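Engineer: Please put together the full structure from these sequences, using the hints given.
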Amino acid sequence: MSDLPPLRESLEAHGLLAKKSFGQHFLLDLNITRKIVRLAGPFEGRAVIEVGPGPGGLTRAILESDAGAVVLVEKDPRFLPLLTELDTGDGRLRIMEADALKVVEADLVTDPAHVVSNLPYNVGTPLLIKWLTGPWTPHAMTLMFQKEVAERIVAAPGDDAYGRLAVIAQAVAEARIVMHLPAAAFTPPPRVASAVVHLIPRAGRPERGMLKRLETVTAAAFGQRRKMLRSSLKPLGGGALCEAAGIDPDARAETIDIAGFLRLAEATP
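Here this note's numbering = 1-based position in the sequence shown + 880.
Hints should not be assumed to be uniformly reliable.
Claimed, not checked - Only pairs whose alpha carbons sit at most 16 Å apart, straight line, appear in this in silico EDC-like list of lysine to aspartate or glutamate:
#1 K915 <-> D946
#2 K1107 <-> D1130
#3 K1114 <-> D1128
#4 K1010 <-> E985
#5 K982 <-> D956
Rather than coming from a laboratory, the hints here were simulated on the basis of the structure.
No experiment lies behind these values; they were computed from the predicted model shown.
Structural biologist: And the structure:
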């Protein structure tokens, strides 16, 4: 990696600019990308999947680490030649031109893998939900989001940011913010600050049927979050459902903890 030209030079040489339609904001400071990789690791030889590598700033740091196979999923074909330049020929790097929302991760890696990504802003939340509730479970995830989204992932009951995303994420994984970045750290700078969230799936994560019911319950509860649960959950059983789950029917969604929502999901027909 030390023999490669600086990222800005590589971008200029290839005539590449970020595409707003893809939600692209590049991290070109290798000191920052190396810190993210340190926070994500150690990998101990496990595979790492990176979505939306763009010019490869984070990729360079991952390739310098103790990761095993490094699988890049890039939707924008403009970056494929630049990413190919990172291949040292040791067989670790694999590059896929694909939409990460449609990729079957189990086809990319056979063993538990880390996901480490500066996610494109416009698909960050859908990708997280896919990895949390889908059939493939990562070993761990270290993901860059807009600060507001990161705060929604780690929010606690009673917080303004507490909602569906917090409940689903924390029911499945331990989640914490491990790094904050100002807009100026990116090229081009977004309008908002960003944060890195580290998520480790729980050993006793709910099974998929339970997660589907949890998504249904949280959609109803937070869809009308100012209403009492007896009203917002009326299509699912209202007061009777709350009583079956040991929840006060007069409570509001933002006051119910993760365990309470899991009881509601379990009691949902």
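Engineer: If a hint holds in the structure, say so; if it does not, say that too.
Structural biologist: Consistency of the hints with the structure:
1. K915 <-> D946: holds, 14 Å
2. K1107 <-> D1130: With a Cα-Cα distance of about 9 Å, the restraint between K1107 and D1130 holds, given a limit of 16 Å.
3. K1114 <-> D1128: holds, 14 Å
4. K1010 <-> E985: Holds - the C-alpha atoms of E985 and K1010 are around 10 Å apart, at most 16 Å.
5. K982 <-> D956: The hint holds at about 14 Å.
Going down the numbered hints, you'll see the structure goes against none, and every one checks out.
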